[in-house]
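Take the sequences, apply the hints, and build the full model.
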Amino acid sequence: MLAKNLLRNDQQQATILPPVTTVSKPIPLTQDVTTHTTFDDLVASHRMPPPGPDYYRARRQLWLSPQQDGSRSTSHSQYTSTSHEKLKKTLQTPGVVYSDSCWRNGIEKVWKGLSKGERLKGRLPLNLIIKVVHASWVRDKTWPAGMQAPEPDDEIPDDLPLEPMVLERIGGSKGVALTS
1 MLAKNLLRND
11 QQQATILPPV
21 TTVSKPIPLT
31 QDVTTHTTFD
41 DLVASHRMPP
51 PGPDYYRARR
61 QLWLSPQQDG
71 SRSTSHSQYT
81 STSHEKLKKT
91 LQTPGVVYSD
101 SCWRNGIEKV
111 WKGLSKGERL
121 KGRLPLNLII
131 KVVHASWVRD
141 KTWPAGMQAP
151 EPDDEIPDDL
161 PLEPMVLERI
171 GGSKGVALTS
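Numbering-wise, the sequence shown is residues 1 to 180 according to the UniProt record's numbering.
It is worth saying that the hints were derived from the structure and are not from the lab.
Any given hint could turn out to be false.
What the hints assert, rightly or not - Distance windows between CB atoms, simulated: (1) Pro66 x Glu155: 19 to 29 Å; (2) Asp100 x Pro164: 42 to 52 Å; (3) Ser115 x Ala145: 17 to 27 Å; (4) Ile170 x Gln148: 17 to 27 Å.
The structure displayed is predicted, hence computed values, not measured ones.
The C-beta atom is built at its ideal place from N, Cα and C for all residues, glycine as well.
And the structure:
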């Protein structure tokens, strides 16, 4: 009779170990029960061109395309609370990066969590996260007061039409042209 031992590793992931005295690597029993569909999952579900400009265009196209199957919606994107809405409204205030009252009324708490590697309770658009980081840099003098970021010179203009690429879903339907 083979007895099996249950062990929990640092990631709190259950593993099964055979009844031996030395084990080189634990064998995963289950994957993380909290499954979040990420952009990496979306990329992995399509046949992508080799690394280079076409690969970049394909990733950009996937990023900008609306997802009808709801693959980007998770419990985080549905999160709403009064404090979350208040934070979003605060971060959209002009001059929020330099406002000490805005910093004390929520932005500082978000920054402390982010800097510790904690997840947000609810998702925030990247432009608002950038404001949180910018505000922290102003506070610790990483960002000189009044300094303006230069305009990027490597962005693709939004009005520049790009020919859509046909990306094939792996193990699924025929190729689909995604437009950017």
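Problem set entry | Broken hints, by number | 4
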